[in-house]
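These protein sequence lines are chains A and B, in that order.
Each step along the first sequence adds one to the number in the numbering used here, with nothing skipped, and position 155 is 155.
Each step along the second sequence adds one to the number in the numbering used here, with nothing skipped, and position 71 is 71.
No lab work stands behind these hints: they were computed from the structure.
The reader is advised that the hints may include incorrect statements.
When chains are identical, the list treats them as one kind, so a pair holds in a single copy or across two.
[To be verified] In silico EDC-like cross-links for lysine to aspartate or glutamate, where the CA-CA straight-line distance does not exceed 20 Å:
no., residue 1, residue 2
1, K47, D197
2, K310, E243
3, K372, D384
4, K372, D167
5, K374, D384
6, K303, D157
7, K144, E67
8, K27, D157
9, K372, D225
10, K77, D40
11, K213, E340
12, K104, D225
13, K181, D84
14, K142, E361
15, K144, E340
16, K310, E427
17, K336, D167
18, K181, D76
19, K303, D84
20, K372, E123
It should be emphasised that the depicted structure is a prediction, and the values quoted were computed from it without experimental measurement.
Number of protein chains: 2
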Amino acid sequence: MKLRLLTLVACMGICNAHAQDSLQMRKIADEILLHGTCYDNLRVLCKSVGHRISGSPAAAKAVSWGEKAMKEAGADKVWLQAADVPYWYRGKESLYLKMGKEYKKVRALSLGNSQGTSGRPLEAQVVMVHNFDEFKALPDSKVKGKIIFFDYRFRQDFVFTFHGYGDAVKYRWASPSVAAKKGAAGVIIRSMSTGMDDFPHTGGMHYNDSFLKIPEMALGNITADQLEQACEKGEVMARMNSECHMMPALVHSYNVIGEIKGTETPERIITVGGHLDSWDVGEGASDDGAGCVQSIEVIRAFKALGVKPKCTIRAVLFMNEENGNKGGEAYADSAKARSEHHILAVESDAGGFSPRGIGMEMPTEMKQRILKYKNLFLDYGVYDFSLEEGGTDISPLKKKLDVPLVGLIPDSQRYFDLHHTDNDVFEQVNHRELKLGAAVMAQLIYLVSENGL
Amino acid sequence: MKLRLLTLVACMGICNAHAQDSLQMRKIADEILLHGTCYDNLRVLCKSVGHRISGSPAAAKAVSWGEKAMKEAGADKVWLQAADVPYWYRGKESLYLKMGKEYKKVRALSLGNSQGTSGRPLEAQVVMVHNFDEFKALPDSKVKGKIIFFDYRFRQDFVFTFHGYGDAVKYRWASPSVAAKKGAAGVIIRSMSTGMDDFPHTGGMHYNDSFLKIPEMALGNITADQLEQACEKGEVMARMNSECHMMPALVHSYNVIGEIKGTETPERIITVGGHLDSWDVGEGASDDGAGCVQSIEVIRAFKALGVKPKCTIRAVLFMNEENGNKGGEAYADSAKARSEHHILAVESDAGGFSPRGIGMEMPTEMKQRILKYKNLFLDYGVYDFSLEEGGTDISPLKKKLDVPLVGLIPDSQRYFDLHHTDNDVFEQVNHRELKLGAAVMAQLIYLVSENGL
C-alpha cells in the first residue's frame, strides 16, 4: 500500500513536471508563431546582403547584420569571435557543349574550392561514365586529355533526401582527383540535385595534392539529361572556361555570438547555431540563413517571454561551414582554452522546413533523457528521434570537448531542389515552417536548461 | 513450453506477413518516387485547364482531361458518372476604399455563392468589428445601411492549420446573413489566410433565406491590416461593385471514375479520390488538383508494378466539392442503388504536401487494424493516426452506406497561404512531396485490399 502510494506520488510529481514543461513549450510556440521575427530577419539577410561566401565583402556585411540582429533580439551580450577563413573566388565562367553541329552555351557552375582554367578555354571530348566503377574500367588511353562526365543520378527513392545526398556527394567531392590520376583534363558532373529543373548546384570539392588540379563544373538535371543522351548517340565536345581559384591568403572573419546569461548555473552553456556563410549563388536562404535567424529567434523568444534560463544560452552564427569550418573550430578551440562547460549544442542546418525530428549525437543515457519529452513534441509535429545527426559547425565541440549534439531535422523533401543553387532564395522559405523549427529548438533548449541532461 | 512455441510461431507468422507488407510498400514507394507521373499530370491540368469552377466550360474541359489521364494510367475501365451541379459566376468586380482623402482600388474577391451588387455601385460607411460578439453588441442604428468589416484573424498559434481554419471560417460562411439581419448593406471580411501577403481568399458562403442577400468580399491580410488601422483612426467609406450571382439552372457535369477490377473479391470496392472542381482563381493546384493526380497515380502504380489487387480499386475525380458536393452525393447514391459493397474510401484534399498522417473516420476495431501498420508507415514520414478526418467528397458514403473513411493528412503549414487564391498554382507544389503522398495512399490501399479491414 505504501509502495503504491509512493508510486502515485512519484507519478504525480512527474506528471506535474510534464504539465509545466508542456505549458512552457506552448508559451514558447505561441510567442514565436504569433510574434516571431525570424522570417523578417531572413528577408533582410537575403535581400540586403544576399549570398555571402566566406572571406567575401558580403560575408563581412553579413557579420554586421548578425551583430545588429542579435542585439535587437535582446541578447545580454553580443560579440564577434575571430576566425581566419579561406576565400574561394568564382570570377567569370562558361561551359559550351557541342552535342550536335554547333557549340551551345549551357548553364553550369564551377564547384567550390576548384581551380578553373585560368580564364583560358579548355576544349576536349566528353567521356561519360555513370559511376566510379565504370570510370575505373576505362583504359587510361580513353581518359587522357578528355573531359569526364560523371553522370551519377541523385537517388530519388530514398525518402529522407539526406541519404540520397550522402550517397551521391562523393562524385562532387572527389571526381577531379580520381579523373586526374588517369590523365583527364577536366570534369563535368550531374548536380547533387532532386530538382526537376536546370539549376546547377555548386558545393565543396577537394583535391588530392598528388594529382593535377583539374577544373570541375556541375550541370542541372535537364542539361545533364541532354548531355547523357548526346553521349549515348555519338561524340560530344566541351569547352570550359573559368577563372575560379582559391585566394592565396586567409581573410579575417568572425562568428557572431549573442548570449543570455544563466541565472542559476551560468557556467553551464547551451549553444544554438546555424552558419552565416553560404555559397556564392542564390541568397543562402535555406542554407543556412534559416538556421541563423532561428537561432536568433531562440534568444528573442526567451527575452520576450521573460524566461530567465538556469543555464547560459548562446546563439552562434558560425562562419565558414561551407568550405573549411574555421568558425566551428574557432568556437570549440575558444571553449577549450577557457575550460567552458558546454552541456549541449544544437544546430539547424537542413533548411527552414517543417520540423519533423530531433537528431542526437550523444551517449544513450542522455538520449533517454531527451526521449522523455518525445510525446510533448508530438503536438509540434516532431516525432523522429532516431537519427544520429548534429551539425558541421558544432561537430568540433564534440570532437574536442565531448559535448552532446542535437541537429534539428526538418522535412527534407525540398532541400536538395534548392541547396547551393541560384534558387535558394527567401521566397522558397515558408514563414510558418521556419517559425515552427525555431520554436522546437527553443523548447528543447528550455527543457535541457531547466531540467538538465 | 507448447504455449511459448505457439506464441513464437504466431509471432513469426505476423513478422513474415509484416515483412512482406513492408517489402511491397517499398516497391510501391520506389515506383512512384522514381517513375510517378502525378507531377506531370498536375502540370497539364493546371496549365492547360487552369481553374475550373463547377458548371463552367473549364470544368467540362477538366472532365475530358481526367478521362484521358485515367486511361493513360492504365485503368481497366474508365467512365463518367453524371451529376448536375450549380454554377456560380463571378463576372466583373471591384472594391474601392476611402481610407484617407480619396478612394483607392484594393485587391478583393467576392465570396463563392454570394450575390453581388448586380453591377451597380454600393457605397457606404465601413463599420469594423472583430468578431460576432462585438457585432451583436452594436445597436441596429449603427449597422443599418453600413458595410460591416468582420476583422477576425486566422489564429496562427494552432500548429495544425486546419484547426485555425475551422475556428475562422464561420466569418466567411455566415457573416452576410448575420449582418443583413440587422440591416447591413454589405460585408467585407479578412480572408481565412495564414499568408503574410495580400492575396484575398475566396471560398464558399451561405445565405439564410430569411434575410436579404447582401454582397460579401474578402481582403488579403495586408489590405485588411490597412483597413483595420484606418477604421481605428476615423471614418472609412467603401464602394463595392460586383456582378457575381448563382446561375438559375444546374449544369450537367460528371465525376470521372477509373477502376482496376479485383481478382479475388471484385465485389469489395476501395475508393480513392480528390475533387476535380476548384474555385475560379489560381489553378486549383493544391485544392485539389493534387488529390486528383495522386488518386490517378494509385491506379498507375498498381498497373506498372503488376499488382493484381484482391479488391476492386476505384479512383474517382469528384465534381463540385467546393459548393454543393453534388459529385460526392451522386457517387454514394449510385453505390447505394447498386448495393455496392464499399470497404474503404480514401480522400486527399488537404494539399500535395509531405504526408504526415492518416486520418480515420471508422469504428475503433477498424482503426486498430490500420494501426497495426503504424510502424511500417514511419519510414515514409507518416506518424499521426490521431485525427478523425475523412473528406467532403467521400462523406456521403459514410452517411448513406456507413463506409469507413480515411483522409490523407499532409503537412498543413503552407495550405492556408494558398487555399482559394490566385497563388494556388502548380509552382507551389513540390514533386517529391506530391509523390510521397500518392505513395502513402497506394500503400494503405494495398494493405487493406490484401489483408482486409
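Status of the hints after comparison with the structure:
Taking identical chains as interchangeable, the C-alpha atoms of K47 and D197 lie at most 20 Å apart only when they sit on different chains, with a minimum of 17 Å there against 24 Å within one chain. Proximity of K310 and E243 under a CA criterion of 20 Å is satisfied in neither setting, with 52 Å inside one chain copy and 62 Å between copies. Within a single copy, K372 and D384 get their C-alpha atoms as close as 13 Å, and across copies as close as 19 Å, so both meet the 20 Å cut-off. Neither within a single protomer nor between protomers do K372 and D167 lie at most 20 Å apart by alpha-carbon distance, with minima of 33 Å and 32 Å respectively.
With identical chains, the CA atoms of K374 and D384 are at most 20 Å apart both within one copy (9 Å) and between copies (14 Å). In this homomeric assembly, K303 and D157 come within 20 Å of each other (Cα to Cα) only across copies, at 19 Å, whereas the closest approach inside a single copy is 43 Å. Taking CA atoms no more than 20 Å apart as the test, K144 paired with E67 passes in neither setting, with 51 Å inside one copy and 55 Å between copies. Taking the shortest Cα distances, K27 and D157 sit within 20 Å of each other only across copies (10 Å), while inside one copy they are farther apart (39 Å).
Taking the shortest alpha-carbon separations for K372 and D225, neither the intra-copy value of 48 Å nor the inter-copy value of 42 Å comes in at or below 20 Å. Taking the closest pair of Cα atoms, K77 and D40 never come within 20 Å of each other, the shortest separation being 22 Å inside a single copy and 52 Å across copies. In this assembly of identical chains, K213 and E340 lie within 20 Å of each other by CA distance neither inside one copy nor across copies; the values are 41 Å within and 70 Å between. Taking identical chains as interchangeable, the C-alpha atoms of K104 and D225 lie at most 20 Å apart only when both belong to the same chain, with a minimum of 15 Å there against 51 Å between chains.
For a Cα distance limit of 20 Å, the shortest separation of K181 from D84 qualifies neither inside one copy, at 32 Å, nor across copies, at 71 Å. Proximity of K142 and E361 under a CA criterion of 20 Å is satisfied in neither setting, with 45 Å inside one chain copy and 63 Å between copies. Taking the shortest alpha-carbon separations for K144 and E340, neither the intra-copy value of 54 Å nor the inter-copy value of 70 Å comes in at or below 20 Å. For the identical chains of this complex, K310 and E427 are neighbours neither inside a copy (37 Å) nor across copies (46 Å), given an alpha-carbon limit of 20 Å.
In this homomeric assembly, K336 and D167 never come within 20 Å of each other (Cα to Cα): the closest approach is 34 Å inside a single copy and 52 Å across copies. Taking the shortest alpha-carbon separations for K181 and D76, neither the intra-copy value of 54 Å nor the inter-copy value of 56 Å comes in at or below 20 Å. Taking identical chains as interchangeable, the C-alpha atoms of K303 and D84 are never at most 20 Å apart, the minima being 32 Å within one chain and 58 Å between chains. Taking the shortest Cα distances, K372 and E123 never come within 20 Å of each other, neither inside one copy (61 Å) nor across copies (60 Å).
The structure fails to meet hints 2, 4, 7, 9, 10, 11, 13, 14, 15, 16, 17, 18, 19, 20 from the earlier list, while all remaining hints are met.
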